[in-house]
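Trainee: Make the full structure from the sequences, and use the hints.
Listed here are the chains, written in short residue letters.
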Amino acid sequence: MTHHLAKIALTEMQAELRDQAMKFCADKSPIAKVRALLTDERGYDPDVWQEMADLGWLGIAIPETHEGLGLELADIVPVAEAMGKYLMASPFISTTLAAQAILFGGSDRQKAEWLPKLASGTVATVALFEPSGAWDLDTVEGETKTFVLNADAAEIIVTTVRHDGQTRLALIPRDRIEVERETIIDETKRSYRFDVPKVTEDDLMPADLTAAALDRIELVANLMQSAELSGAAMACVDYTVDYLKTRKQFGKVIGAFQALKHPTVDAFIDAEGARSLLYAAATHVEKQGDGEIAVRMANAKAQGALSYAADRSIQFHGGFGFTYDCDAQLYRRVAMFAASQFGDAAFHRARLAELLL
Amino acid sequence: MISVEDFAAGADAWFAEHTPRDVPFMMPLTFMEVGTDEQFEFLRDWQNTVYKAGYLGAHWPTDYGGGGLTQKHQDAATRAMRKHGAPIMLNAIGIGWAGPLILDTGTEEEKRKYLPGILSADDIWCQGFSEPDNGSDLGNAQLKAVRDGDEYVLNGSKIWTTQGNYAKYMILLARTDFDAPNKYAGLSFFLAPMRIPGVETTKIRKLTGEYGFTQTFFTDARIPADTLMGEEGGGWKVAMRTLEYERGARGGQAGGYTISQTDPLEVVGLAKRAMRNGKPALEDPVMRDRLMAQMIEAQAMMANRERSKIMPLVQEKPFALPMLSKLQFTEYARETGELALELEGAQGGYYVGDEASREDGYWQRSYLNAFSATIGGGTSQIQRNIVGEHVLGLPKTR
Ligand SMILES: Cc1cc2nc3c(=O)[nH]c(=O)nc-3n(C[C@H](O)[C@H](O)[C@H](O)COP(=O)(O)OP(=O)(O)OC[C@H]3O[C@@H](n4cnc5c(N)ncnc54)[C@H](O)[C@@H]3O)c2cc1C
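From first to last, the protein sequence lines are chains A and B.
Each step along the first sequence adds one to the number in the working numbering, with nothing skipped, and position 41 is 41.
Each step along the second sequence adds one to the number in the working numbering, with nothing skipped, and position 220 is 220.
It is possible that part of the hints are untrue.
Quick list of in silico lysine-lysine cross-link-like pairs, BS3-like style, CA-CA up to 27 Å [claimed, not checked]:
hint : chain 1 : residue 1 : chain 2 : residue 2
1    : B       : 317       : A       : 23
2    : B       : 168       : B       : 52
3    : A       : 252       : B       : 317
4    : B       : 144       : B       : 113
5    : B       : 396       : A       : 252
6    : A       : 7         : B       : 317
Derived by calculation from the structure, the hints in this document are not laboratory data.
Mentor: Structure below.
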């Protein structure tokens with residue numbers, strides 16, 4: 001039934017990209033840096049962002065005709081995974097989503113104008129969610145947008161609007177929008193809300209491409225989020241294991257206590273499963289229908305894996321786990337915020353049930 | 001030598017024609033479920049037939065009853081068995097554990113004596129490791145073996161001995177030295193005969209109400225000294241090697257399967273048929289959610305298996321996936337059984353044999369039987385210790 005979706009293909013380039021991205025993020029995003037950025041207004045380091053652009057990472061899934069690298073969506077996964085593992089803040093995901101939205105939903109003029117810029121480091125984002133809390137991207141009132149990541153730093157915002165009674169996508173330059181920062185639970189990210197300004201015909205993306213573009217955004221968002229969360233889950237388990245190997249109570253290293261050891265093993269198994277499903281999803285993402293199934297499975301699993309790993313991590317750090325200084329809270333918050341974006345695990349399972357039963 | 005392709009085609013045709021259908025009694029799904037003489041005789045005949053057709057031990061040397069072909073040949077035969085849903089191979093402990101152990105480490109004489117009977121199912125084997133007081137703590141086994149001339153005298157008891165009542169031989173872990181510097185050093189490993197004075201087996205009824213294993217009592221039972229495998233005091237090493245065959249960490253098994261693998265997604269089929277509270281189970285959103293969670297888990301296990309073949313994707317912890325797979329799969333199977341019962345709603349209250357039961361109580365029974373694997377072969381808790389200590393590097397629990 002879904003057996004064929006368990007197959008994993010990894011190109012040599014993806015393997016190299018993964019090594020490269022892991023080294024890069026380890027180097028650029030040590031935990032002290034992650035913490036320093038928590039209180040930074042912009043929330044990421046523009047120099048590191050420029051380096052990512054120089055490495056070509058922003059153009060990975062943009063065709064060569066638009067000055068991208070012309071690689072595949074699957075090739076983004078190793079980068080997103082590494083960023084998730086090292087909690088590295090950057091507008092990578094929001095910019096990639098905007099690029100995919102334009103690639104699949106933009107006019108030739110819009111593509112020609114924006115894709116080369118996004119490939120070379122211009123920050124962009126997507127505005128899809130509204131106060132209603134609907135995860136269905138088609139449910140749009142078009143008044144207020146929320147959960148718009150990196151909106152302040154963006155030069156362009158791809159937003160859903162209501163136009164002549166229809167849901168449409170529009171590409172609005174940031175300088176026509178007044179954004180207000182939101183307080184979100186994941187402090188490694190920056191989120192904004194804004195009132196949708198009047199759109200002109202010029203802003204609008206072609207009506208006949210709207211549905212395909214929204215599907216694409218959702219697919220790519222869920223894939224990248226799976227990568228981010230699965231990377232973070234691995235790191236979170238490692239973080240817990242380190243503590244379990246060093247902290248002593250009752251004259252023993254606490255990792256010797258099975259009440260801690262066994263749940264940590266379960267968290268590890270979940271994280272390993274999330275990784276495997278992630279690579280499977282990357283392998284099948286471009287297949288019509290199958291892509292959505294593989295990606296939602298990976299996403300639901302990754303959300304569960306990180307939530308559990310981080311929840312137990314807080315508990316297993318004792319009093320220190322309750323502090324702001326313990327990194328367990330960072331991981332827990334990443335998972336909590338992820339659940340608010342594009343659907344939580346139960347939402348994905350409900351969609352999967354519709355697709356599979 | 002016949003090509004693998006030709007051999008595979010032959011096997012496919014053979015199993016298509018010879019796989020028994022419409023057997024009038026409940027077919028054991030694993031070698032641990034052989035509870036009646038009828039089942040036993042049937043499965044012994046079946047293994048013998050498969051062996052004579054050349055589809056078991058195809059890669060073992062001809063001197064020891066094998067087919068003299070290659071592992072690839074045997075794998076093709078095993079695949080054909082699976083494809084046609086053939087019954088399991090009965091002599092699991094011979095085929096899978098004792099056999100490869102003897103083939104790899106036994107003397108020429110031992111190989112000639114034991115291996116042909118393992119393949120033909122004339123000689124059933126059992127495993128005498130667990131004792132009433134020493135299970136997970138296998139290294140503490142206390143069954144006493146005292147050397148007396150060219151014999152050892154056995155006293156004590158083994159328990160949970162699968163097919164113990166049918167076995168001709170037992171791979172036995174016994175204590176030959178009670179003053180050894182540590183508990184492991186006092187152990188020795190024997191290829192012990194079972195049909196001798198002083199050995200008695202008592203069937204133990206399982207939670208399903210059926211039979212399948214025994215307690216085995218040894219009272220001044222005398223076995224030839226040359227049934228010792230390896231050296232006296234070297235039993236722990238041999239036992240550990242045996243567990244590697246058992247857990248699939250080491251190859252060389254005679255082939256076939258001794259546990260019929262149910263497709264992890266089979267429960268989806270049940271969900272489509274089952275009724276709950278008078279309505280199709282699939283209309284219940286909670287059931288849908290649980291079913292999808294279970295499907296995702298099944299998918300994760302399949303993807304794990306795929307990933308384990310791709311070096312760059314396992315380089316951080318190369319042994320993690322094979323080491324966690326027993327725990328993951330057996331717990332998954334148990335949870336699937338639980339879910340199946342919920343899907344069945346009120347029908348979950350019937351059991352095998354009742355006309356109102358769904359699929360003749362298959363899921364009720366398979367849920368209960370699922371514990372054989374979460375307990376046998378090292379419990380899930382012991383598996384978590386192993387993964388925690390050997391994969392994650394956590395300190396030992398002592
Ligand atoms: C169907 C079936 C077939 C079997 N066939 C055979 C056979 O053919 N030959 C044979 O020798 N044995 C056989 N066994 C025995 C099996 O290997 C043991 O039952 C198993 O190793 C557990 O030992 P025990 O029963 O003594 O339980 P115990 O070791 O007493 O365990 C009791 C509980 O304590 C837990 N526990 C024990 N130690 C620890 C620890 N260190 N940390 C955490 N938890 C712990 C266990 O997980 C379990 O939940 C079979 C068992 C089953 C169920």
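Trainee: Evaluate each hint against the coordinates.
Mentor: Taking the hints in turn, this is what the structure says about them:
1. For the suggested pair residue 317 of chain B and residue 23 of chain A, the alpha carbons sit about 17 Å apart, so the restraint of at most 27 Å is met.
2. The straight-line distance between the Cα atoms of residue 168 of chain B and residue 52 of chain B is roughly 21 Å, inside the 27 Å bound, and the hint therefore holds.
3. Of the supplied pair hints, the one linking residue 252 of chain A and residue 317 of chain B holds, its CA atoms being roughly 26 Å apart against a limit of 27 Å.
4. Distance check on the hinted pair: residue 144 of chain B and residue 113 of chain B sit about 26 Å apart at the alpha-carbon level, within 27 Å; holds.
5. Note on residue 396 of chain B and residue 252 of chain A: the hinted pairing holds, with a Cα-Cα distance of about 10 Å set against a maximum of 27 Å.
6. Taking the CA atoms of residue 7 of chain A and residue 317 of chain B, the gap is near 20 Å; set against the 27 Å cutoff, the hint holds.
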